[in-house]
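Participant: Based on the hints, put chain B in the right spot on chain A.
The listed protein sequences derive, respectively, from chains A and B. Going by this note's numbering, the first sequence opens with residue 1, and the numbers climb by one from there. Going by this note's numbering, the second sequence opens with residue 69, and the numbers climb by one from there.
If you are wondering where the hints come from, they were derived from the structure by calculation, not from laboratory data. We put the CB at the ideal spot given by N, CA and C, even for glycine. Mixed in with the good hints, there may be bad ones.
[Stated by the list, open to error] Ranges between beta-carbon positions, derived for each pair:
(1) K212/B - M8/A: 41 to 51 Å
(2) W230/B - G10/A: 11 to 21 Å
(3) K212/B - E3/A: 27 to 37 Å
[What the hints assert, rightly or not] Partial list, derived from the structure: chain B residues whose beta carbon lies under 7 Å from chain A:
(4) D151
(5) G154
(6) F258
(7) V266
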Amino acid sequence: MLEGNVNMVGYGLAAIGPGIGIGLIFAAYISGVARQPEARGVLQSIAILGFALAEALAIIGIGLAFAL
Amino acid sequence: MSSTYLAAEGEGFVSPGPGTFVYPPLFGEGTFFTKPMLITVLGTIAIGLFFYLAARRAAMVPSKTQYIGESAYGFVRNSIALDAIGKQGLKYVPYLATTFFFLAVLNIAGIIPVLQFPATSRIALPLFLAVITCLIFNAIGIKKHGLFGYFKDLMFPPGIPWPVYILLAPIEFVSTIIIRPLTLTLRLTFNMFAGHLVLVLFILGGEYLVFEYGGVVGVAAGSVALFGSLVLTAFEGFVQLLQAYVFTLLSALYIGGALADEH
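Bound-form chain A, shown alone (with noise of 0.2 Å):
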């Protein structure tokens, strides 16, 4: 016997993309710092960046998983 709301699948779907978008952000932030190693910095915060609003999908599903 389960119990739950069916928002959470669909928030469960909804994360997918985001995760995948983060995935490559961060892959090929991991491959820019193999190839060159000095240019850390400046594709540190672009990534973070890129995160950020990557995620910011995954942040919506959820608040509107709870909200709906």
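Facilitator: What follows is chain B alone, placed relative to chain A:
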């Protein structure tokens, strides 16, 4: 989701919901002062006191407190203001530093024993800061380019065939005025919200498994969950600092965008 704490009298585990974030007034019914407010006040006093002590006897050879205060301020100055805005960003370091330390301390309250509640998971605080940021970067842009010039730069970037503007202008306008503060707010709020909820779930669930469910299975699984809550606490601390950094970095980038000559 209903606030599931209400159904606690039945047997079985009741998972924590958004009701976890609703605190009763501290001094009994009818008063308004709640725990998140207390954390906000305490955090503000702590930051003010720390930087007062750090700057009180500024010397060429810094004391320990002065050194910590200066490196913390220098972090915001160098790796946020200078990197994201450039030389002209030095004017805005006070605002950025205030935002960063205010948010960092209120976020970190989520993993400090006894307090253990990130005050920024209540939406009012991030919303207010995001609105201030929005007002500041729009005001800067209008001051620099003039009201007409600012919105022209914003909505009609050059070098695009004119039919595209029919789509682009309203999107750019809405994205700058509404979407930017909205995503700033939601990102911070729900990061803290989700993080706190996960911690509460792990701790309450582990406690339930060990003490109520019992047996070898319950104790084993509950111990794993309680150990996991320790790991998650460390991770949560990292996320809380990161989110304060992200909020400040995005504020700086928006200010930098408003200052830029060409979009």
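Participant: Does each hint hold? Answer for all of them.
Facilitator: Hints and how they fare:
Taking the beta carbon of each, K212/B and M8/A are about 46 Å apart, inside 41 to 51 Å as hinted. About 40 Å separates the C-beta atoms of W230/B and G10/A, a value inconsistent with the hinted range of 11 to 21 Å. Checked against the given bound of 27 to 37 Å, the beta carbons of K212/B and E3/A, roughly 56 Å apart, lie outside it. With its C-beta approaching chain A no nearer than about 6 Å, D151/B sits inside the 7 Å limit, and its interface hint holds.
This hint is violated: G154/B has a C-beta 13 Å from the nearest C-beta of chain A, more than the 7 Å allowed. Proximity of F258/B to chain A holds as hinted, the smallest CB-CB distance being about 4 Å (cut-off 7 Å). At its closest, the beta carbon of V266/B sits 11 Å from a beta carbon of chain A; the interface hint therefore is violated under the 7 Å criterion.
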